[in-house]
Every structure is written in structure tokens, then in C-alpha cells.
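Colleague: Let chain A serve as the given structure and place chain B on it in line with the hints.
Respectively, the protein sequence lines represent chains A and B.
Per the working numbering: the first sequence = residues 1 to 601.
Per the working numbering: the second sequence = residues 1 to 416.
Hint data in this document are derived by calculation from the structure and do not stem from the laboratory.
There's no promise every hint is true.
[Unchecked claim] With a cut-off of at most 25 Å between alpha-carbon atoms, the simulated DSS-like pairs for lysine-lysine come out as follows:
| id | chain 1 | residue 1 | chain 2 | residue 2 |
| --- | --- | --- | --- | --- |
| 1 | A | Lys564 | B | Lys50 |
| 2 | A | Lys583 | A | Lys570 |
| 3 | B | Lys377 | A | Lys575 |
| 4 | A | Lys570 | B | Lys278 |
| 5 | B | Lys377 | A | Lys583 |
| 6 | A | Lys266 | A | Lys225 |
[Said to hold, decoys possible] Distance windows between CB atoms, simulated:
| id | chain 1 | residue 1 | chain 2 | residue 2 | range |
| --- | --- | --- | --- | --- | --- |
| 7 | B | Gly202 | A | Tyr362 | 45 to 53 Å |
| 8 | B | Cys396 | A | Arg542 | 36 to 44 Å |
| 9 | A | Pro587 | B | Glu383 | 49 to 57 Å |
| 10 | A | Ala547 | B | Thr356 | 16 to 24 Å |
| 11 | A | Arg542 | B | Pro371 | 48 to 56 Å |
| 12 | A | Phe527 | B | Gly264 | 29 to 37 Å |
| 13 | B | Gly202 | A | Ala547 | 22 to 30 Å |
| 14 | B | Gly202 | A | Lys566 | 26 to 34 Å |
| 15 | A | Lys566 | B | Ala306 | 26 to 34 Å |
| 16 | B | Ser33 | A | Phe527 | 40 to 48 Å |
| 17 | B | Pro371 | A | Pro587 | 38 to 46 Å |
C-beta: ideal position from N, C-alpha, C; glycine also.
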Amino acid sequence: MTDLKYIRNFSIIAHIDHGKSTLADRLIQLCGGLTEREMAEQVLDSMDLERERGITIKAQSVTLHYQARDGQTYQLNIIDTPGHVDFSYEVSRSLAACEGALLIVDASQGVEAQSVANCYTAIEQGLEVIPVLNKIDLPAAEPERVIREIEEIIGLDAQEALRVSAKTGEGIEELLEEIIRLIPPPQGERDAPLQALIIDSWFDNYLGVVSLVRVVQGTLKPRQKIRIMSIGRDYQVDHVGVFNPKRLNTDSLKAGEVGFVISGIKEVDGAPVGDTITLADNPAKEPLPGFQPIQPQVFAGLFPVAGDDYENLREALAKLKLNDAALFYEPETSQALGFGFRCGFLGMLHMEIIQERLEREYDIDLITTAPTVVFEVLHTNGETLRIDNPADLPEPNYIDEIREPIITANILVPQEYVGNVINLCIEKRGVQKQMQYLGNQVALTYELPMNEIVLDFFDRLKSVSRGYASLDYEFNRFQAANMVKLDILINGEKVDALSVIVHRDLAQSRGRLLAERMKEIIPRQMFEVAIQAAVGSKILARTNVKALRKNVTAKCYGGDITRKRKLLEKQKAGKRRMKQVGKVEIPQEAFLAVLNVGKDK
Amino acid sequence: MTALGASPAPIFFLPGYHCNPCCYNLAAMFQFSCLPPLSLYIHFPWCVRKCPYCDFNSHEIRQERKQEGAYIESLIADLETELPRTWGRTVVSIFMGGGTPSLFSPESIDRLLSALRARLPLSAETEITLEANPGTVEQARFAEYRDAGVNRLSIGIQSFHDAQLQALGRIHTRREAILAAEAAHLAGFENFNLDLMFALAGQALKEALDDVQTAIALEPAHLSYYQLTIESNTLFHHHPPALPDEDIAWQMQESAQTLFHTAGYRQYEVSAYARPGKECVHNLNYWRFGDYLGIGAGAHDKITDAHTQTIHRNWKVKHPDDYLATAGTSRVIAGSRTLSPQDAVLEFMMNALRLTHGFDHRLFSEHTGLPLHFAEKGLQQAEQLGWLKQDQNTICPTARGRRFLDDLISLFLPDT
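One chain only, chain A, in its complex shape (with noise of 0.2 Å):
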């Protein structure tokens, strides 16, 4: 039994490519979690989708047991969080279960701009914080540069930061002392009644609801029943334990440790993340203070291509809101779509990975269309509207004002970029606040409005800085704004599913770029295709597809005839994967094509 004085638990807060899967996959090495034979590389990240992409989604944990140097064995519990943007929430719910946190920035890249908000969140919370300077074996390493930018952007005293490679393995055991030595262990009454945070619920379809949890008070074992203290609900234990990173079952989990808990739970809601757990027969007085509960920025409808798919689409969305608090839906309706669901994310990277799990691990085609922020809408009646669905905005004459969400922006970028960035600002609207040499680097402080920041600001930011300048955004207010619907017309028909909303002064150039853009994604058909971008009864851009002129298969003999029967099969089942809307067949991207409107230019 490890005593608390041994314990120590820790998150890693770096910024995306910073290394910190590889850094944690280092430390479990060292500590003999994993024979060199079970190193897949990046361990923690477990999700297909997140060693395809190598960024981490979702926070994990894995405990080690690390010989120190004064002779004693020590527990460390590594909770893992994402490093984007889109994710902060994540990140917030990790450091909850840790006393200090482990900054690794690059040596060669210096300090990026998410890696300052996680930091200030760290220190907001009271953990203690070491600077690591990963990557130092790289020839590009500028430790001196990096620590001063460390100190100048973050006030981090950094004098002292450890320079290691994660690769290398230089530097490692230095850093593992060092967080024995700086951060302090855990508090906590192993007798006192149950209170376990619950940092992340998953489902698992063999076991049903998997949590992992930070004992704060008390003991967790099998067998115990427990209650989940905001719903009420009493379960009973089957297995605790911890992640080696393996799951590894153990008789108990005490206070100040960091571990899972399974106890049967089947209801895809039984768990809700931040949530406390206690004991059914000796209940804590108090549940722990949870997490502010997230409010979704960006919204946009997801369809499911096959209309008999709207069931397992609403289950998998229910299933992926356990242990995801930040996603929000509810049906809707679209004459276009049909049914599907109105869903709420975080920003456009959650939207994608949310997209991806839907059709990856539940295997659902889905129409998604364009995502769009929340608007304040005014009415004539004096009611005030939250629009989060282009559809649902009240016709012009009802409308007194419309107001648009801000964001303030805090982007750091290398000097040479400096200028194409702040062009790009000006582009999206934005009005800047401040700017400040750091170093190398510049932070620039802008005001811009959202709905800008969801079409293709981070891409367009990353293209324009060849990918060095970073993004960290939060809501400022509501600011009235010139806004107007723009829809798109096919043969005549609005379509309502592929309305924007755009202010009117950029409503002629993206509805032009719009029409010319669905023009290229709908494939010719029987007969012409009109095309159409307008603001009320306003045409501001027409265009047209051409109709198909044939389709036949130009040679069939006596040969082999399933394969030109596999062929006809194909054409139909690509069919079925478009939309029927009036006549025409519209293919899925069609209905994110308002995303990719700037791209070329």
C-alpha cells in the first residue's frame, strides 16, 4: 500500500507535435510499465483517430511505480490531456485530479499560444507547475530563447527547466526526481465517507460504463455499492483498479489516487463526467465541486444519409455524449434531410472528430451541414432568440437586430508571418487589440467575430504562418451586427439545409463563390441543374450544371456479365449515398461546401 506522501499526480500540458505522448510513453518505459516488445509508440493515445491524426482527444491515465533516488517507491498517476483548442474542458477536468502539471515546450519552437491558456488554467487552480524544454537533441534547440519566452509570455520562472529529449531519453530520470521533489503529494482521509471525482466515463460494450475517477476521500473497493451523487442512482462495484497503461484490476482505490472503477452501469447517462461518487450506505455529506459545464460554439445539423440509420445515429450520439459533456443535440427536422439531429460542439476540430467516431466506429453515413455559430436575434416582439439553425432565423421584418458572437484572440506568431496574419484578421473582420514583441515571437491580441473564426480561419491561419502560428480563442460578448440569410436556390427550391448566415457586406462574394462551388460538387444529371445564392427574393449569383448527356455501357458481349452487373450496382449505390432533393441528387460535401469557399483564392 502506497502511502499519500508517495503518491504524486501529474498532467502533461504541451502544445500539438510538443511531444508529449512520446514524453509520457518515455516515463512508462522507465518505469517498467511496458516491455520494450508492448511499445506500440504513443501508448496513451488509444483511439485510432488520435494516433492517425497524432493529437489526444480525450485524457487518460496511467499509473507507474518509480524507484526514487532516496530509495522509496513512488505511485505516479500521468493524466494525459488534449493539447487543442476544442478540448480546453478536457483539459480542465485532468489538472482537477493532479497536483502539478508537467509544461513541455519545444526547444526549437518555442511557446505556443494553447499551451499559455492550459498553463494559466493549471496555475489558476493551484498546481504547481515544472517548465520542461523538450526536443533539446534536436540541432535547432534554443533553450536560451525558449526559456526566455517561457518567462516573458507565461511568467514562469524558468531558470531552472529541465532540458530533455523524450526521444532520446536524455534528461528523464532528472525530470522524474524532479517531480518527487516539487510537487507535493496528495490530501486526503482514506477513512473518511467515499467522494471519487469522476474525470471521464466511457462505454465499453462488454463492460458496460468504464469511469476514471480521483479518490479525494475515503476507500473504493468491489463489492461496495455505490451512489452516483447527482442522480442519485446506487450501483454496485465490480472492479476498481488502475491503467498500467494495461487495465489492471486492484483490490482497492484510496484516497489521492487516480484509477477506474466498473460497477455495471449500462445507462449510457449512469456516470456524467464531473460528477461525485459516494456510498450508498455511508454517504459523504457534500458532492465535490464538478466542472462548469461546457456551452457548445459551434452548431450544425448531422442527417444520417439513410433515413433508417436515425435510430443508430440517436444512439451513438447518446453514447458519445457520456463521456463527451461538451457535445449537445436534439432532433431537427429539415425539409431538405429530413430527420437528424441539431448538434452543438465545441469548435470545428471537435465537430470533425465527432463526425469521424460516427461513421468510423458506428459505421453511420452522415450528410453534416455548414456549421454555424449562435446569433442573438432580437424580435420585433422584444423577445430575445438564441439562433443556432440559419433556418429558424425569423423573416427580415421581424427582426429589430441581430448580434454576432466576438471572440478575443490571442495568436502568437514568428515575426516573419506577423504581417500575413494580421491581413488575415482584417479579412475575418477582426479589430486588434494589442500586439507585443516577445522574442522571436509576436502575440497579437484580435477582436473577431466568430462566425468568421468556424469557416476557415485556423486552416487559413496555419497556411498563411507554413503552420507556426497558434490559436486560442474565447467568447468575449455579443456585438449587433449586419447579418443576413443567404440561401441557395436548386432548380427554384430553396434548400433549407445549405443556408448561411453572412453579414451583408461579404453576402454577393460568398454567395458567388457558393454557387460556383456546388456547381463543381453536383454531378451532371438527366436534366439541367439551376443554381442559385440569394439574400430574401435577391438573386446574387446564378449558375447551372449542365445536364448528363448519356450513360450507357458502351460494350457488353458474351463475357463475364456479373462483372458490368457489379458496375450498375455501384452507380446505384453511390446514388443512394447522395440526397434526393426535389429531383436532384446531391452528394454529401455539398452541404459543408460553404467551408471550402475560401480556399482557393
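Modeller: The following block gives chain B in isolation, referenced to the frame of chain A:
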């Protein structure tokens, strides 16, 4: 025959009704009052060079001639084992295709045809076609092929433009193409076909029509005019050439159709044009869902079995070496399939709807062995869409149906 054979078929056998083929007795469904006409296809799997657009079973010839004799003997052995399936049925046509059959000497073709005559009932009118390359060597043999019994040639011209021929990987020139047609006339072939392709890489309308006019001037009895299609498993599929857009391709087709018509060639199928009475008997039999034997490497057949009242499709091993090793034994069969009623309906439509003038109701029931109501759902949909006309006796695709033939045929695909 079991009791289920009573006509009309019970309602749950209608096409579109999902039924596992294992759960009913196939023989109970089909009723053939007579057997369809029978053709024979013979495959020659070698070419001098593989063309980048060709997805047929062809192999570049390696050991010059060495296998020619052995292959002819294999074909004969292969036929021998097939004979019991079609005992006593007259063969209306023979088609020697490839590959390049004209790589085989007239002596070999003579040996083959003599062997066939000894084993199959042929009539004097039986159409016997040989596919030929327009090369100089082949032209010199045309008369001897004729003496061997070949009465129709199909010459793979493809284009009369040297640059295009080169791009298509053809080994002949414009000059050889023209001489080949003249040689066919000289050799006494009044019935020969020229194969032409259009919508070739970088081809302009004028160039395509120039090909058409050149072809017409050579006075073939028959013309096959194909739009180049990029098939998978071809070189073009992996390195696609820049083809004209579909509007230009359409113009080529329409203008060519007018030229053919004016010159007295009537279109009778998607890509086939003929002087009256010179339609290809062999291909027509495919398109009318007739029966055919297939011998040679990778050859497919389709045979109606009168005893079991079923339709079968068999195919032979593809690689020439495998074929040479197994011809005459049961191991030469690479696969076989027995058609379900749904298969028969679809495959009939895939063929018969290609015919410009459609087909008789009677042809459907005679050649599929099924009453017409098996196809009713698709026929009704097609008629509603304006893709098909029906009267008392005939079913005919409309001009629009012919233009969107793949969509029309897809109506007969079983719902999945």
C-alpha cells in the same frame, strides 16, 4: 417438374421480393417451351502487345508460335467435353475473338474449323467471324482464312490517325488500316466489320468524323462505333489520358450517327451499325439472351439446360498456361453460376434493352423461361419515366431510355 411449376408463378416469386435462392426450387420457376439459338465463342488469348485500354483476357505473346498447335488441340479437347451440354443443337454462329486470333495461321484455323464441323451441326449459313488485326502479315492471310471457312471478318481499326493509333498502343498505321479493308474486299469478304473508337485523348470533333467518313468510304457491311471507356485493370485506368468532355463526345456520337444513317448503315444496338441484313448474328444472339458455348482461356458460356429447366453460366481458367494444362478435363472450369429468376430478368434486360428496336414479349418468355410479369415492376417504372414503350407485342426503349440505358437497366436490379 414439381407441383410448383404451375403457371402463373405464385405472387411471392415476383422480382423484388427478397428470397434466398436456396429456399426454393429453381427448376420449379423456369419453364422453357423451346431452347434459344446456340452460338459458339472461341477465345484466343494472345496479342503482339497489350493495348492500354483493353481489359479482355489477352497476354503478350512470348514464345513465338510455339503454343499455336497445342492451343488448337486444347480448344478441340475443350469442345469435346462441352458437347454433351448442347447435344444435337444447331450452331447459328461462331466467333473467334481475342486477343488476336489472326496471329494464328490459316492452317491452324482450318484445322480448328474442320474439327468443329465434324462435331457440331453447322449449316451453310452459319456465320463464322474471325477478329483480325489490320497488319500487313494478316492481310496476306485473309483469302486463306476465307478458304478455311471464315465468312466474316472483324477488323480492329480503332482510328485512322497515326498519332491516335500510337497513343492507343496499336501496332498498325492509317495506311495499313485502309489496305486491310481493301484486302478484305479483295479476299472476297463481302461481310466484314470495322471497329472504330471515338472520344480519344485530345480528339477533336473533326478528327473523329474524319475517321467515320474514311471508314464508310471503305464500304464495310458492318461498323462498330465505341466510345473509349476507361476500364479498371487497364494501363489507362492507372494513367488516365485526357479525354474530351462529355459534350464533345456526345457531338461526335450524334454526328457519326447521322453520317452512318445517310450512308445506309442502320443502328441496331448501342454501338453497332449495319447495312440491312448484315447485322452480326453472333452478337445479336448475345443481346437476345441466346445460348452460347465458350471455349478457350477465360471464355464464358451461357447454356439453358432443358432437362433441369435451369440457366447456367460457366467460365474457363483464364491464364493460357493453365488452360493448356487443363483443357479437356473438368479442371478447366474456373467457376459456374446457376441463374435465379431475378438474375435471368436482369441479365436479359442488360442485353435486350441494348437493341435499338427492343424485343418481343415472346422473346422474353422463351429465352428466360419466365412469364413477363417477373419483370413487371421495372417495366412499369421505366414506362412511367418515359424510358420505355410497350405495346401488345413489343417492348422498346425510347430515345431517352437509350441515352440513359444504365439507369434504365438499373430498374431491374433486385432491391438490396
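Colleague: Give a verdict on every hint.
Modeller: Hint check:
no.	hint	verdict
1	Lys564/A / Lys50/B	holds (22 Å)
2	Lys583/A / Lys570/A	holds (20 Å)
3	Lys377/B / Lys575/A	holds (20 Å)
4	Lys570/A / Lys278/B	violated (36 Å)
5	Lys377/B / Lys583/A	holds (21 Å)
6	Lys266/A / Lys225/A	holds (16 Å)
7	Gly202/B / Tyr362/A: 45 to 53 Å	holds (47 Å)
8	Cys396/B / Arg542/A: 36 to 44 Å	holds (39 Å)
9	Pro587/A / Glu383/B: 49 to 57 Å	violated (29 Å)
10	Ala547/A / Thr356/B: 16 to 24 Å	holds (22 Å)
11	Arg542/A / Pro371/B: 48 to 56 Å	holds (51 Å)
12	Phe527/A / Gly264/B: 29 to 37 Å	holds (35 Å)
13	Gly202/B / Ala547/A: 22 to 30 Å	holds (25 Å)
14	Gly202/B / Lys566/A: 26 to 34 Å	holds (31 Å)
15	Lys566/A / Ala306/B: 26 to 34 Å	holds (30 Å)
16	Ser33/B / Phe527/A: 40 to 48 Å	holds (43 Å)
17	Pro371/B / Pro587/A: 38 to 46 Å	holds (40 Å)
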